[in-house]
Amino acid sequence: MIAGTPYAKLLGVREITGDDETIVLLLPADPKLEGRQGFLYGGVIGSLLELACLDAIGRELGDPERRPKPINMTFDFLRGGLMVDTFAQARLVRIGRQVVNADATCWQADRDRPIATGRMHLLLD
Amino acid sequence: MKGEDDPFERLKNLPPRGHHALLGIYNVDDGPDWAELACPFAPGFLMDAGAGLVSSGPVVSLIDAAAGAAIIARTRQWRPMATLDLRVDYLRSARAGSTLRARAACYHVTRKVAFTRCDVHDGDAGDPVAHATATFFFTGDA
Numbered sequence: 283m284i285a286g287t288p289y290a291k292l293l294g295v296r297e298i299t300g301d302d303e304t305i306v307l308l309l310p311a312d313p314k315l316e317g318r319q320g321f322l323y324g325g326v327i328g329s330l331l332e333l334a335c336l337d338a339i340g341r342e343l344g345d346p347e348r349r350p351k352p353i354n355m356t357f358d359f360l361r362g363g364l365m366v367d368t369f370a371q372a373r374l375v376r377i378g379r380q381v382v383n384a385d386a387t388c389w390q391a392d393r394d395r396p397i398a399t400g401r402m403h404l405l406l407d
Numbered sequence: 083m084k085g086e087d088d089p090f091e092r093l094k095n096l097p098p099r100g101h102h103a104l105l106g107i108y109n110v111d112d113g114p115d116w117a118e119l120a121c122p123f124a125p126g127f128l129m130d131a132g133a134g135l136v137s138s139g140p141v142v143s144l145i146d147a148a149a150g151a152a153i154i155a156r157t158r159q160w161r162p163m164a165t166l167d168l169r170v171d172y173l174r175s176a177r178a179g180s181t182l183r184a185r186a187a188c189y190h191v192t193r194k195v196a197f198t199r200c201d202v203h204d205g206d207a208g209d210p211v212a213h214a215t216a217t218f219f220f221t222g223d224a
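Residue numbers (this note's numbering), protein chains in the order written: chain D, 283 to 407; chain G, 83 to 224.
Quick caveat, the hints were computed from the structure, so don't treat them as lab data. These numbers come from a predicted model, not from an experiment. Among the hints, a few may not be true.
Said to hold, decoys possible - Residues from chain D that face chain G, not an exhaustive set, calculated with beta carbons under 10 Å: (1) Glu316; (2) Arg318; (3) Arg349; (4) Arg361; (5) Ala391; (6) Asp392; (7) Asp394; (8) Arg395.
Said to hold, decoys possible - Not close to chain D: a few residues of chain G, all C-beta gaps over 10 Å, as computed: (9) Asp88; (10) Asp115; (11) Asp146; (12) Thr181; (13) Asp201.
The beta-carbon is built from N, C-alpha and C at its ideal position, and this holds for glycine as well.
Isolated chain D, as found in the complex (with noise of 0.2 Å):
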């Protein structure tokens, strides 16, 4: 659902099946992700998990129109992207009435070794 959205078009970002049949959204590795020669971007990183956030809590929340607003997300970076295909997913730790607490992985060849984690606050409106 999110990869339909014009940011995310702009990334190129898509969603696939993983291994364990749950959805994981795909960056393609794209000279366009770059930040220092080599290196995606730390933004792109951060953009990823975010919108791993929103298409976990679409997903829960079944309303494409329901769109929750962002109060605020934390970003670790644990080791640098390199230019090849990126994936992130999010679990969604709490489902308030009013806040979802989130949690989101970014990792490249070993997902067992992240490139960045974060966590993101949202209001449901």
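Here the structure of chain D is known, so what remains is to put chain G in place on it, guided by the hints.
Coordinates of chain G only, in the frame set by chain D:
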């Protein structure tokens, strides 16, 4: 230090490439420990074309760019660095059609770490869109 030998002046005059070029990020103004960068609105920034809802993604990328520039403005050195962490408070949604402006300040530097904060607005600095703090690590030997 001013002129073409100054790493910060060199940074400002580099042609945009990679993701900066895609977003159209450009330099607006700077001082001894801060830099202001801007990013003109593009339809590709929307999350929902019908509702005119702007994604926070370009805001994150602009903050990352401004914070990095602020560090070079303060240190006047071009040192390889990596973003350690970034926290963004989204104060309100950005308006579709408005240019985003981010002013970042590097308020402290140690041998290995630089600390920054950043304010983002879309036309009125008194009505900000986001506030962020970001920490960077100098990856080289020094």
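Hints versus structure:
Nearest Cβ of chain G to the Cβ of Glu316 (chain D): about 3 Å, under the 10 Å cut. The hint holds. Satisfaction of the interface hint for Arg318 (chain D) is found here, the shortest Cβ-Cβ separation to chain G being roughly 8 Å, below the 10 Å cut-off. Annotation: interface hint on Arg349 (chain D) holds; nearest CB of chain G at approximately 6 Å, less than 10 Å. For the restraint placing Arg361 (chain D) at the interface with chain G, the shortest Cβ-Cβ distance is roughly 9 Å, inside the 10 Å limit, so the hint holds.
A cut of 10 Å between beta carbons decides the hint on Ala391 (chain D): the least distance to chain G is about 19 Å, and the hint is violated. Hint status for Asp392 (chain D): violated, given a least beta-carbon distance of 19 Å to chain G, over 10 Å. The interface hint given for Asp394 (chain D) is violated, since its Cβ lies 21 Å from the closest Cβ of chain G, which is over the 10 Å cut-off. Hint status for Arg395 (chain D): violated, given a least beta-carbon distance of 16 Å to chain G, over 10 Å.
Listed as outside the interface, Asp88 (chain G) is consistent with that label: its C-beta sits roughly 20 Å from the nearest C-beta of chain D, beyond the 10 Å cut-off. For Asp115 (chain G), the non-interface assignment is confirmed: its Cβ lies about 21 Å from the closest Cβ of chain D, beyond the 10 Å cut-off. For Asp146 (chain G), the non-interface assignment is contradicted: its Cβ lies about 4 Å from the closest Cβ of chain D, within the 10 Å cut-off. For Thr181 (chain G), the shortest C-beta to C-beta distance to chain D comes to about 17 Å, beyond the 10 Å cut-off, and the non-interface label holds.
Here Asp201 (chain G) stays apart from chain D, with its beta-carbon at least about 14 Å from theirs, past the 10 Å limit.
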